[in-house]
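J.: Mind assembling these two chains? They're in different frames, but the hints should get you there.
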Amino acid sequence: MDYYNAAYRNPNNQKHSLSISGGSDKVTYYIGGSYFDENGFLPQVWFKKYNLRANVQAKLSKNLTVGINLSDNYGTRNRFNFTYDYGSTDLNNLWGKLLYWNVFSPAYIDGKPVNPGWLGNPVEMMKNGGYWRNQDQHLDALLNLEYKIPGVPGLLVKASYSNNSDNSFIKNFAKKQLLYNFQTSGTNNLIYENKVLSTVLSGDPGTEYIGNEYTKTNSYQLNGQINYDNQFGKHHINALAAYEQYEYQYNYFSMYRYNFPLFPTDQFFAASGNPSDWSTSGNESQDGRLSYIGRLNYDYGGKYLFSSSVRRDGSIKFAPNKRWGWFPSAAAGWVISKENFFQSSKVQNFIDMLKLRLSFGSTGNDAIGGWQWQDQYNISSSTYYMGSPGTTVPRLTYGGIPNPNITWEKSNSYNVGIDMNFLKNFTFTTELWLRHTYDILGPRILVLPVEFGGTMPAVNYGKVDSKGLEIELGYNNNIGRDFSYNIRGNFGLATTKVIEEDVASNAQEVDNPNGKTLNYGKGLKATGIIRTQSDLAKLPSGYTIYGTAPVLGMMNFADVSGPNGSPDGKIDDYDRVVLGNYFGSGGAPISYGLKVNFQYKGFTVDMLFAGLAGFKVSYNDAWGRNFGGGGKIPLYHADSWSESNPNGTTPKLYPWGDGRATYTYTSSFNTYDGSFLRMKYLNLGYNIPAEVMKKAGLKGAQIFVSGTNLFLWSKFKFYDPEIAQFMSYPEMKAFSLGINLQF
Amino acid sequence: MHFKILLNYKMKKKIFISFTVLSAGLLLFSCSKVLDKANLTAVSPSSVWSNADIANAYLNNIYANMMPGNTATHDNASDEEVPYQRQSSAWIQGTATFDSWNNFGQYSNIRTINILLANIDKATFDPSAASAIKGQGLFWRAWAYYSMVKGYGGVPLILEPQSAEDLTTLALPRNKTSECITQIIKDLDDAIALLPDSWSGNDVGRIDKAAALAFKGRVLLFFASPLFNPSNDQTKWQAAYDATLAAKTFCDAHGKGLYPEYSKIWDDELNKEVIMVRRFNYPQATYFQGGLLPLNWSKDDVGYDRPSLELVNAFPMRDGSAWNPATMSYDTLFRHRDDRFYADIYYNGSPNQYIAGMVQGNTYLWTYFDNITNLYGNTGLEGAHNQVTTDPLWSNSSFYRTKAIDHTLTQGTVYNAAVDWPEIRYAEVLMNYGEAANEIGKTDEALQVLYQIRARANILPGASNNYGITATSQSDIRIAYQNERFVEFCFEGKRFDDLRRWRLFGYLRSLPQRHGLAILLKPGQPDVNPLDDINTIWNRFTSTVIETDVKDIAIQDQYYFYGIPKAVLDRNAKLQQNKDWGGTFDPLQ
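Protein chains in written order, with this note's numbering: chain G, 1 to 743; chain B, 1001 to 1589.
So here's chain B without its partners, still in its complex pose (with noise of 0.2 Å):
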């Protein structure tokens, strides 16, 4: 193939000078501009800082990062819930080491606030507002520090941002116990008098006045306990009181209070008994919550919180008492119980059809079995489950928690929960106030909050109008309001902290292990309808004890402080070990 190319002299040339002033152009053009590219994605610091929205946004990620929510565990090593399959924590089982809980991670959301309090002081913006951001600040900081503080025993106070120029500068010992207890107070009293008495509109769900004085006095009942007060100094169990009933005086004033209806503490978003929350809608703010649900109407995890025997023995009964095993009947458990029992618990044939599932699904849940082959095998009860309702990995109690559930949920949307989460609710105040108030002798207020506790479980107040409780003596009372934080702060993530603080590890010891329920349907009665009303087919089922550990609880003493986790160690020399754990420092300093 040819083509005829005509170029004449001076087209050459002229293709000849263009192109040398081309490539000398291209030569000379140093395009420094190439590499001028800017970062699409940034804030300068000088706008944040002056800025009132700017500097809100960046309190808002704290608030992404710390707030509480929706809580659920596997076995939170407490006598609340039973092991899924036998598989009993590292807790239970007496084999936890000191890497077996890391809560140093804290650090970071505490570097985050103090990058925060460093620079508000010199913020240009409104100054009302940057005092209430700043109370918000110290606030979380106090939050921080209690969540390790009430694990380990004092840690480094870290109160500025650290520099990075000098490492040397960076590593620090543990402060004493009292020297951190102090600064949470002090960070939580600096707050309180920032913070505004409440929230309206689009701040609705920011820390007030009434959540720093709950929390306060959440603080101080933690610290003057047997765990941390071994001496039974009264002077803690009066700051205790004091702040607890700043806290009750100050919600009282302000409307807050026991909402009426147990039950619907969860699903009407932000009551009256709402005091400090983290909210969720869908579809901008949803969690998970498929571990809770049995798995016929769940997918992608199992086995979370599900009731023990030990819990479900613990509800009173409508007219007060307490449930006796020796007089009352498994099989018929369900009656006669207080609101919180129906509102927390699911048994077999419960009608509270509280998942879209058995909505739709026209159904209860059944959780008996046509045939049980081994009460207490490799995954704890095996057999043959009913076919009315299937439930494939089931749970060994034969009980459900139903508390704080999204009842919207189906197996596809499991990811979707929205209930909101009170992490701070009117009845913790009251208690708290309640408990402080009995250690210092007052056991007429103590009893008082005990009355007004049960009143709205819809407990009947009965002759001697003591809705049940008989205690009398500061022991006993003691006994009461241990017995009643177990049932009304079930599955709040409250009990295993409450354990430690009373020191009753032995109590857990002696159980020897979580109990369930296995439930038989005797040999020649039908199965059930879905339907079927409970209490008049109770007789087709026997119900049979069952333990539910791999072994009898063998809890150690030596866990009611934590132990540093080696990776912390090995990252600071100057960091000392609990002597619980083979170290030197004594957290009741």
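Pulled out of the complex, with its shape left as it was, chain G reads as follows (with noise of 0.2 Å):
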């Protein structure tokens, strides 16, 4: 853990902010501003931001009323310069880095940072070698307006104007840095002494670099809106026509310069003059939207509700012919307990209030790159070389079959539930879902032969369905008159099924994602370790796995096809089975948490538990379940078959590459349920009571301690099952601890 270590630093965070408001019955206004600083446990990682909002409402008259809310944020994002992980944003590569490389060798001696060969030192790159900043402006200026029309009451206009603007600035600065070589001694030179041999500038960056980049986002939205609100009698109407219209605009460029002649620093004038060291690109895109709404909302005696609505949506992304898609949505609620039947029965001294409501809606997606629905060739960004005196060449490539015909893709979702309040402290709510997606947009690879040698423009062609129920139970109380609580519950099922799905003609039934699914899993099943000498006699001759001839210490699987559908006596891609319906905790089926509060006289406590179950997830290490190289072997593999260990709960250890490592392969060995729970957070909040605050000449002032992401529990012991990957940045725990003040 040494390299870790040496990198690490304490995180933490801070963030004030300061607000005045007021108004009268004529203009009410807002100014606000807030400081955030956050600095990450590894050097060079630290974000600031600045925000300054104004927001002031006026009444011009009795019937009109005018307001502008404006906001200015400016943010700084620092972080290190690491080649192998410039552009991840979960620094995988880092990481693993830190966790595994090197045992031998020590991040610094003295004070000097080591050199350990090819590797480079991480921890030095992180703290000396150039960094990454980018400053963002964002701008936001929405104007709105409501005008009430005199005669006709409960009738309205509302317009709003958003502009938004964002200007993006990228500083990219690497350099090497200078490394020492130590002496080395013992039987394979890998103990390190204090003596200093030579020094060396590190080989990464291999070429040291000062750039910008700058990104700047233009867009607006404007809206237009008429509303109608009364009320006659029992009956109330709401009715509503809006119009929306986006544009947006994208303008990209950067500019690089490469080698320093003299000495590396992070300013343009030091670097090459020569042009071939120079390096510009940029790019432009466009981007627009435009939508049509109504909606009409109408009640009777808060007993029956009722309201549609309707969206008629163009996109960009569609020939002109296609891209219009109508969403229509409508939904109904009976408030039961208002029914007269309902206050005169028996049932009213449990239930206080009885709700049902049901509820269709359609929403649009036109979530795939541009232009597919045009024929077109693309010039590459790349060139190619050749000639004498040589000179590059552009490359000019076919854009892909286009389909005119694609068009959004659907989404209906069907809704029922219950609220319900009973017993005076009891609240629960039930819903039953289910929503059919078609249309899916997305290319068609499989059903083509390989040897089209192309593939097909997006279709809208896939169908998913999915349902589930969630059931939410809350309970308040109080005991005397300084004690309350709260207890909320919810618990959540849901499940995805692929209708059709693109598929490759020929296809084994566990490749079939029609009829599963959505995040299922396939491998092999393994049947154990081959652990003992008449274990590897029962198999049959000429038995292979994956190619190669079994021996002890090798897990074993079962064969369960072949090329021709059954057995063949050697275990290959034709193995695999489905390992389960649910791989991932981005697919859970079932999740379930609990929300407490409890407060005392000035003193709250808020806790929330949430959790995940039936679910799966495959182990994966650094490097898919191989390792060599230099790096660390992970505690999984503690207990190996041996020789002197033919007990061991994982099979026989071999060097990457070696055939004989069948553990590498996905299958039910290294296969788990993920099931989790997680304290996500533990509030304790203290209001300081009024007389010390009237002291202080405060009007109210509250104390606050949290801890986010306190506990786990989980059968999933190796990392955390929420995170994507081995090596992917860590979930953190935060602790923190804030005031707040009225006045």
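Please keep in mind that the hints were generated in silico from the structure rather than gathered at the bench. There's no promise every hint is true.
[Claimed, not checked] Taking lysine-lysine pairs in the DSSO-like style, the calculated list, with each CA pair at most 30 Å apart, reads:
1) G:K355 with G:K234
2) G:K715 with G:K516
3) G:K538 with B:K1551
4) B:K1037 with G:K216
5) B:K1272 with B:K1209
6) B:K1522 with G:K195
7) B:K1579 with G:K570
8) G:K525 with B:K1551
9) G:K522 with B:K1574
[To be verified] From the derived model, a few chain G residues whose C-beta atoms are all more than 10 Å from chain B:
10) Y4
11) I31
12) R79
13) A141
14) N405
15) F609
16) N683
17) E691
18) F704
[What the hints assert, rightly or not] Which bits of chain G does chain B cover? Going by a derived footprint, with three or more residues having C-beta under 8 Å, they are:
19) 280–286
20) 312–325
From the three backbone atoms N, C-alpha and C, an ideal C-beta is built for every residue, glycine too.
T.: This is how it looks when you write it as structure tokens:
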């Protein structure tokens, strides 16, 4: 853990904010600012942000209200420049290197960074290898206007215009670090001594550079709305017609200079003046959206509720005659507890409020890359080099078969729910939902033979159904005047089923996604380690596991099938089976949680527990369950089979690439139940009493202490079952302390 | 706080009217302009085929995807190199399956070329430019089919860009090998007719007649060899001879020939030996060579192309005789070898400072060990490497490849290799011709070629003027050709295909492992100085022959033809698997 400890810094963050608000019946105002400063647990990782906003709403006359909302924020993100992780969001390469690498070489001897060879010193690289800094300024201006039409009570028109601009500036600098070669000794030359032999510049970065990148995005949104809201006796009507228009422009350029002739420093003047060391690029894109919305709400006496709406959306991703989609929705509710028969029945003693609701909604999705409806060629950003004297020549690629018929992906959801308050203190909600998504956009690759040599364009093809159940039960009460508490538990169950998805025409059943859940997992079925000679003798002659003959200590699998559909005495891809219907925490079918809140005089306690269950996780370590090249062996293999340990729980270890390492294949052996329960947060707060406040001239004050991600209970102990992969930046436990003052 | 808002009726009315107008305008403003955006990166199809430059750009993309570059492998399953840390490939271990080699990706290149060929006949620009483009397209289609057919046997022949309208018509069965070969040769003949003799200026590097003729010779030679010609049908050898002779004659008439200095073939760009080349240059077009260099002066990858003792021993001596392990000592293996040995192999203490890191460090590379703990450990040779030049993750054979290495590379710049890669050079044209000549009985021509190749390698003619070649019978000369190809074209991606086409897996199994040398400093001897002359201090070391594979070579005869991967078979029910892999297709038809 030496590298990790050498790199670790205590992470911390702080946030301060101040706001003023007030007004009269003609004008109301809000002005606020905040400052946020965060430091990560690695060197040179920090984030600062300043935020300023102001909101003024003025009632110019009895019927006219105008307002302006301005927000300006400016944030700076800084991180080190690590060649292998450049651009990654979860730093998985770095994290792996800190945990695993080069167990014999310390990061620093006597304050000097050690050169462990070709690897480079990752800690020194983080501290002194340059930085990547992003300064982002974001401006939002929102103008809004509301006018009540005189003479028609309940009718008003609203308009709003919002302009957003974002300027993001990145400065990127990378330089080599000075490393020291120390004397090594020992039979394998792995013991480092405090004797400097020479110095050397690090291999990374290969070429030092300084660069600037600038991204400018501008967008606006214009909304217009007519709203009618009125009550006629017991009838209440609310009708709305709205128009929404959005445009977006994106512009990017970058310029880099490589090589510093004299010394590296983070300024352009020091970089090479030779044009062949310069690199520039840029690109531009646009987007637009247009929508028409209508909505009608009606309720009778607050007892019967009805709501319906329709959207008409247009997207630029589709051909002009296919770009519009209609998306209607409707909902109805019935507050049974307001009915006369209910109020006069005995049930009314237990149940305080009972509401039944139904809804139907449809939404659209256009999330594919643009222009697939056009037949086009594209100039490639790469070139080819030829000629004498040599020169770069441009390349042109064919954009792919167009599909002029692509249109919106649609999703219909159906919902039925019951809300109930009973025995005064209980609240209960349950909901049953069903979603049918169809015309799912996606390329049809597998359905074509490989010899076709290309891919089909995105087609509205796929269909997926999902359905689920949600239950929430809450209880609140108080004991005496000072103590109150509130508990709420929730439980959810969801499942998906793929009705139609792209599949190879001759595929095996295990590879056919149709009829299975959206994230099912497949692999081999493990039958155990071949522990003794008699186990080995039981195997048929010519038995191979992915081409390797079996030996003692190897993990063995079930021979389920072969090229002819029946077992063939060989283990290969034909023997894969479905290992589980839900793989990965993202697809967990069962979710549950508990929220608890206590209040006693000025003290409050808030706790949230949340968990997922019913899914499996495939154990995967730094190199796909392989290892070698100088890294530590994961704890997973601690009890491996060997001649002296024939009852080991994991198979015999082999170096990287050895065919006998059959534990590397995804199988039921390395698949585990990933269910977990996490204490998401615990907040303790104290409201300083009014008498104390008055003396200090404050209107109110609260102190709070909180912790997030405090505990995790799970059967899967190797790593957090919720992170993407073994080497992802881990989930953090955080403790914070704060104070809130009103004056 | 109070704001006094003074608005009289007129102002209110103005506000109201202007607002109504504004909102009415908004609502009626069905700004469909919002959705009329332009694709800022597209070129319309009509401009492509009416403009020679744009059509050429489409062809350039094919070059970028298909022109081969500098080769480097971890273990190419031949006797050319030792595996890195005993990680012998699945082919060597005999554990390869039909999924181990998938070359069906060539079909996306074929589709790109078919789109070109379908459109080029309708092009509206200068016909001579259009036919040159068509010729190059036909060459590359032949190249794509050859690379698949030489591995699998016949594959489905698709000569037009298939339309995706009716999915049921897309699945096609495999054509017979003979049909595929006929198509490949037809494409090449058509290309040869259309291509110019040579290119100049910005077009140097494109396929010309010489390259197409040379490639046709390579194709026919491969299909005349024992793998596809088990009955030794002489008509196939005759066709190979005619094609390779035509290539040689054309090259001779157009200034191509053997470049006098072998070691400079890759350093001197576009010399007379180069026939088909991929050009590179810093900074526009570079590639990574880190895996080929000793890790002391490299990074990010390691262990590629480490010469085996089998290869080192195959290089002839300066006088033309062969290396004889019975009478010659490995301690002085570097003395009196031919030019190719010094140009291709780096040995312990070789004065060839072929890496910039050596020049900067004022040192040679010393591969000897202070102390060896295990000659055949888990990662091969284990022990304490000398400290004069540390070399983590060292070569288990103690040799390194020096052919076609960019001499300017340092540890930081290993991604910037820019050595041009001649895929076809005159030596291959000559050797192909000589091999075919021998097979149809033209012994004299075959021998003359061997003499020329050896003369260029600075081997002495000797008293009998035969450069050390003592073979006279057809079968002996055949073996001489196999050995000569081994050393002339080492690390040019040819050895494994040669072993396949000559059906020599039995030879590999007889080795029975690839060997290396373990060089140990004799006890009591002092460490060397970085620039010591190996010629004077060679007796400080002992050299031991060691085995370098994880187990004895078990390459199976089944591997002469590759199996079609499951992922490809899954997508086309009409595709038959090769009969050696459990299917019904016979690649010899």
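J.: Now look at each hint and say whether the structure bears it out.
T.: How the hints compare with the structure:
1. G:K355 with G:K234: 18 Å, holds
2. G:K715 with G:K516: 26 Å, holds
3. G:K538 with B:K1551: 25 Å, holds
4. B:K1037 with G:K216: It holds: about 18 Å lies between the C-alpha atoms, which stays within 30 Å.
5. B:K1272 with B:K1209: 15 Å, holds
6. B:K1522 with G:K195: The given pair, whose Cα atoms are some 27 Å apart, holds under the 30 Å limit.
7. B:K1579 with G:K570: 18 Å, holds
8. G:K525 with B:K1551: Status holds; Cα separation ~29 Å.
9. G:K522 with B:K1574: 26 Å, holds
10. Y4: Answer for G:Y4: holds, closest chain B Cβ roughly 22 Å.
11. I31: 12 Å, holds
12. R79: Label holds. Min Cβ-Cβ 22 Å, cutoff 10 Å.
13. A141: Given a closest Cβ separation of 18 Å, the condition holds.
14. N405: 13 Å, holds
15. F609: 44 Å, holds
16. N683: 35 Å, holds
17. E691: Given a closest Cβ separation of 29 Å, the condition holds.
18. F704: About 31 Å separates G:F704 from the closest Cβ of chain B, which puts it past 10 Å; holds.
19. 280–286: Three-residue rule met by the stretch 280–286 of chain G, so holds; n is 4.
20. 312–325: holds (count 5)
Violated hints: none; the structure is consistent with every hint.
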